[in-house]
Amino acid sequence: MKWVEHIMGFPVSVDLRDSTPRLAEEVDRAFAWLHEVDLRFSPFRADSEVCRLDRGELGPDQVSTDLRHVLALCELYERRSGGAFRARLPDRHLDPCAVVKGWAVQHAADTLRAAGARRFCINAGGDVIASGEPVPGDPWLVGVRHPDRPQELCAVLAVRDQAVATSANYERGGHIVDGRTGHPAHGLLSITIVAPDLITADTTATAAFAMGAEGPAWAAAEPRCQVFAVDASRRVFCSSGLPMAWG
Amino acid sequence: MRRAIPAVLLSATGLVMVWQFEPAAPAVASPSSAHAGDATVTGTREAIRQGTVQVQVVFSGTRIADVVVLQAPDTGPTRHALPLLREMTLRAQSAQIDTVTGATMTSQAYRSSLQAAIDGRGSR
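Order-wise, the sequence lines are chains A and B.
Read in order, the letters of the first sequence are residues -1 to 245 in the working numbering.
Read in order, the letters of the second sequence are residues 311 to 434 in the working numbering.
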């Protein structure tokens, strides 16, 4: 069974293979959760918790547990990336989007799994959580979009119980800023990270893209992260353990 | 026309450079309407630490039909990386995939995307 809904400005697709009416209801609940996250954490909604915190309307003790968790994740990746990734850039509003997306979608997947779903794939605006196998014995085949050609792939990954996230600037032109310089990140066309969960994959991809040329090597050294990257000279880098699909 | 120029580098993290795209030619027709026919493009000879690498790419229209390794050192990571390049290039274009990863896909871009086509078709 397949679903698509547009949430937070991007499409979220769910492909559930072990479909029962009860699990289909769980998918509806997962979509409801993502809509709730959009309302609470969007930096584009004036009444969201994120905007109210940003304007100083919420004191430190009024921040929800969820937002506190998201802000802690932001801090963690700011430290790990040496400041290349920042949720709050100088003279700009608080924007934890890069972390919120991975965290919210991973939570949705965890909830589905806790309800008994084993074989499903969620694609949230190009970030993927692949649970189990689509058919017994086969991995999920995840195509990596070619950075220059939207309709073509430049690699195919074979994954089971893993998350895949890509960071690039081909659709929202230069929206990722290198927090160390305040300028749009350059040096990479796209970077794809395979990791055990989407929080790790998404934040590592964003931070590595913000870092630029040194991003792929940094990401490859992060625990349990595999890298596929195309740099500005269109050189392709893979970490040696990347689960490439060819067999 | 696109060329693939593989070269191999090893970093301390096990990161390997496997090949290099030529920048996309501007204003290329969509693959189905291309009339380029078959073409064979020979890459330049690339000197790497382990020796010299040269490949030839066979195009059918704008799609890669084959990648032929003309010259490659028979040692180290290159021996592993060149078959990988060939396999990846060919399979990436023919694989029956389940989903597509790509940077934040806007709802507008989604309509014409590969992911929308996958969402619209039945399960394999």
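Among these hints, one or two may not hold up.
To give an idea of the chain B side of the interface with chain A (calculated C-beta under 10 Å), a few residues [claimed, not checked]:
| hint | residue |
| --- | --- |
| 1 | Leu380 |
| 2 | Gly412 |
| 3 | Tyr420 |
| 4 | Ala426 |
Hint data in this document are derived by calculation from the structure and do not stem from the laboratory.
Yeah, the Cβ is synthetic: ideal placement off N, Cα and C, and Gly gets one too.
Structure-based check of each hint:
| no. | hint | in the structure |
| --- | --- | --- |
| 1 | Leu380 | violated, 19 Å |
| 2 | Gly412 | holds, 3 Å |
| 3 | Tyr420 | holds, 4 Å |
| 4 | Ala426 | holds, 8 Å |
The structure shown violates just one earlier hint, number 1.
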